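Asks: So the chains spell out like this:
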Amino acid sequence: MSAPTAAQSPSAQALRDAFGAAIERVEVSCGDTIVYVSRERIHDVLAWLKETPTQDFDYLTDVTAVDYRDAERPLEVVWQLRSLARKADLRVKVRLDKDGPLDVPTCWDLWRGANWLEREVFDMFGVNFAGHPDMRRILMWETYQEGFPLRKDFPLRGHFSRAEQTRQALAVNPEAHYSLEELATADAYRNLPQDMRERLRRGERGGPE
Amino acid sequence: MGLIATPPDATVVSSTSPNWVTTRLDFLANWARTSSLWPMPFGTACCAIEFMASAGSRFDLSRFGMERMSFSPRQADVLICAGRLPFKLAPVIRRIWDQMPQPKWAISMGACASSGGIFDNYSMVQGIDTIIPVDVYVPGCPPRPEGLMYGILLLMKKIRGETFTDDRLRVEKLVGPDGLYLPPERVDELSEPFGNSVSQTRSS
Amino acid sequence: MSGTRQVEFTVGTPGLDAQGRPVVSPLGVALTDTGEFETAGHFDEMFGAEPMMVNIGPQHPATHGVLRLVVELEGETVKRCIPHIGYLHSGFEKLAEYRQYNQIIPLTDRTDYLAPMANNVCLALAVEKLMGLEVTERCQVLRVVACEMSRVIAHLVWLGTTGIDLGAYTPFLWAFQERERIYNLQEAWTGARLTTSVTRVGGMMADVPDGWDEALGRFCRSFPATLDEVDSMFTRNSIWCGRTQGVGALSAGEAINYSLSGPMLRASGVDYDVRKDRPYLGYETYDFDVPVGEHGDIYDRYLVRMEEMRQSVRILEQAVERLKKLRGAPVNVSDPRVILPPKSRAMSDMEAMIFHFKQVMEGVKPPAGEAYMGVENPKGELGYYFVSDGTAKPVRWRIRPPSFLNLAALPRLCEGALLSDVIAINASVDIVMGEIDR
Chain A
20 MSAPTAAQSP SAQALRDAFG AAIERVEVSC GDTIVYVSRE RIHDVLAWLK
70 ETPTQDFDYL TDVTAVDYRD AERPLEVVWQ LRSLARKADL RVKVRLDKDG
120 PLDVPTCWDL WRGANWLERE VFDMFGVNFA GHPDMRRILM WETYQEGFPL
170 RKDFPLRGHF SRAEQTRQAL AVNPEAHYSL EELATADAYR NLPQDMRERL
220 RRGERGGPE
Chain B
4 MGLIATPPDA TVVSSTSPNW VTTRLDFLAN WARTSSLWPM PFGTACCAIE
54 FMASAGSRFD LSRFGMERMS FSPRQADVLI CAGRLPFKLA PVIRRIWDQM
104 PQPKWAISMG ACASSGGIFD NYSMVQGIDT IIPVDVYVPG CPPRPEGLMY
154 GILLLMKKIR GETFTDDRLR VEKLVGPDGL YLPPERVDEL SEPFGNSVSQ
204 TRSS
Chain C
954 MSGTRQVEFT VGTPGLDAQG RPVVSPLGVA LTDTGEFETA GHFDEMFGAE
1004 PMMVNIGPQH PATHGVLRLV VELEGETVKR CIPHIGYLHS GFEKLAEYRQ
1054 YNQIIPLTDR TDYLAPMANN VCLALAVEKL MGLEVTERCQ VLRVVACEMS
1104 RVIAHLVWLG TTGIDLGAYT PFLWAFQERE RIYNLQEAWT GARLTTSVTR
1154 VGGMMADVPD GWDEALGRFC RSFPATLDEV DSMFTRNSIW CGRTQGVGAL
1204 SAGEAINYSL SGPMLRASGV DYDVRKDRPY LGYETYDFDV PVGEHGDIYD
1254 RYLVRMEEMR QSVRILEQAV ERLKKLRGAP VNVSDPRVIL PPKSRAMSDM
1304 EAMIFHFKQV MEGVKPPAGE AYMGVENPKG ELGYYFVSDG TAKPVRWRIR
1354 PPSFLNLAAL PRLCEGALLS DVIAINASVD IVMGEIDR
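Protein chains in written order, with the numbering used here: chain A, 20 to 228; chain B, 4 to 207; chain C, 954 to 1391.
Incorrect hints may appear among the rest.
[Said to hold, decoys possible] Far from chain A, by Cβ distances over 10 Å, these chain C residues were calculated:
#1 1087
#2 1297
#3 1362
[Stated by the list, open to error] Derived Cβ-Cβ restraints for the label pairs, each shown as a range:
#4 A:40 - C:1087: 53 to 63 Å
#5 C:1159 - B:34: 44 to 54 Å
#6 A:114 - C:1278: 30 to 40 Å
#7 C:1310 - B:149: 15 to 25 Å
#8 A:120 - C:1123: 49 to 59 Å
#9 B:182 - A:67: 48 to 58 Å
#10 C:1238 - A:45: 32 to 42 Å
#11 C:1199 - B:60: 26 to 36 Å
#12 C:1122 - B:149: 33 to 43 Å
#13 B:195 - C:1278: 49 to 59 Å
By construction, these hints were calculated from the structure, which means they are not laboratory data.
Only a predicted model underlies this, so the values are computations on that prediction, with no experimental measurement involved.
Every residue, glycine too, gets a C-beta built ideally from N, C-alpha and C.
All chains, full assembly: derive it from the sequences and hints.
Replies: Following this line, the structure appears as structure tokens:
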């Protein structure tokens, strides 16, 4: 519940002073301050929050996304930040229109903890984090065909029948990523040409079968 | 509801005709097998913790000769799938099962391994019997160690009833060319939602 | 015949060709001008030398669940270690969107199944934060008891399995025997050993039975003896020290940057404990210390966890005293929006009957909004982030799993380690796959 008298974190005002119109909205919900930022400036905002001595958000608590039941509402990517020394929390959000590209810059360069967190958001929601060193699925297998599970348009039991899901699951090679070239490819995925990425996505694998 | 299982064929198909000698040999072989069933603990989730508690001092699987956990499938007799099995793990359990040499049995420990449990969703196999043949199902979430031991004793009883003259017994049931171990209709039938899962379709 | 013959020959230095560069012999070894042998650059190409890839898991003896490590080895040294997770992905977050808030509580038992009560508490706290509810004092003490018991049993599993990984089997049996004592208490309270589902929004599933607090007091008195026994086995054991000291170390700054939490973070020297920094359940009124390590290696993590178990016993003893004083106090809030009214009233009073009906049929309905609640779980900071639209089922339930982030640092921890150290480091991270994969 957002009480009208609930205090905003002072970081919200500091952000407004520093970034002006890029800060779209500030809310307070259940005592937490939430700042909505435009997608273009999000990396600058996060870097500013981390590096400015008065803010000092050195700890990235979480990166996640929210897809609302109302199909009109945009998808939100959420960063939970924390300053250990100042004992302060802040929630930063970016709204992504579902019709447009679901693309945000990575914050892996700022916090190493973002690595797997962003991979999970990609896996579950399909949000791509530009500049991430290893943008692959993490919880579902690499060649998972059904889609992005936590989206609201994804049914609870998936799109395919159970037999089809079983067949696809059994067809996955449990030793994938076992070959050296596989590992190397994961690191260099960004630099691969498009058609090779397509072939990898379709399940083509080098190395021992 | 509506699961129609074909009743198991009561007659034993055998090329050797069973006689007194074969029953004595069966007795010996089955005694040896039940007295030291080496489990392959395919422990995934919470049931694995109860499995570990069964191996602990209070419940002690050692009195059944089962304290020697064989993590290598090549040396194991019974695969105990303790915990839920997501689709990502399905090829792994299939491979482990194929790597186990005959004679081998499988115990499905817990509700999730037996039928998918509370996880009737996109990522969970609705019962490992859609992937590998199962001999004993132990219900519970998680089953108490006593429950698991009862399941093990049931398996031992089943093994004691086996005879080497039964040709259909030690046959490997492999994954077919269509990529499935059971026919697709059977997989769908086994995976149908039941109980509370049936009404868990509305998100709000 | 006199005269001279012309003979042409070339004088060269052995190992160098006409241009003065080292000659590569078929063995790929060259003799340089300093008289040293060195392998030439294209030795690897000639003989196809590649680092060795070892696949550990997803089914393997280290009883940490279904984790797969692909390790790239150069001899015995790890060049790269890449964890693959997702083999226990159960769709918890998706399932929660189809359940009422109290129905999500059984799901939480199965995420971190080593400390189920602690997850139950976190969920109740998160929904209560969303609703702005304050629970009763006895409920708070009971929840503290639940959390600290969970801390003890989770650390005992860690202790037992780490011992097995490093070759010591006996403490596993001691640890599990102590766990059975706590399981007895959990079973007497909730009816279940492991999947407890002990909390409800606004209160608890049930109050503890009579004599339960005395039984807990007896456990608190007898448990430190087992810890002392394990201490005598490990802490000054030269094999243990040799395998754990200096292995898998991480500096404080890196630990913060990798978003580690719990004993992993504290062993690296960062004094951050959610119970002290953002107290909940009245933790600020309990007298306890938080152990902080120095070197961030496996040995420090071991010491931190051992000491945490002792501090948990300290908290439990204080909680037992409070439970005795609060005997008979109400456990649930008397808010009919969240707690069922007493049956006698529901049967006689119309309003109470309506509340009962709405709660059973529709469930607890928090107002629209969102809340993040972080608690100090045994593995680290567990966070539940709820987004509500005012209906009985959440729009989004996000589990911020401590083990997920702790495990993500594994490649960094294993850099330059030996293969057997990888097993030890993995054990020290103290992961539970149910939480990582959800």
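Asks: Let me make sure I understand: some of the numbered hints might not hold for this structure. Which ones are they, in numerical order?
Replies: 3, 4, 6, 7 and 12
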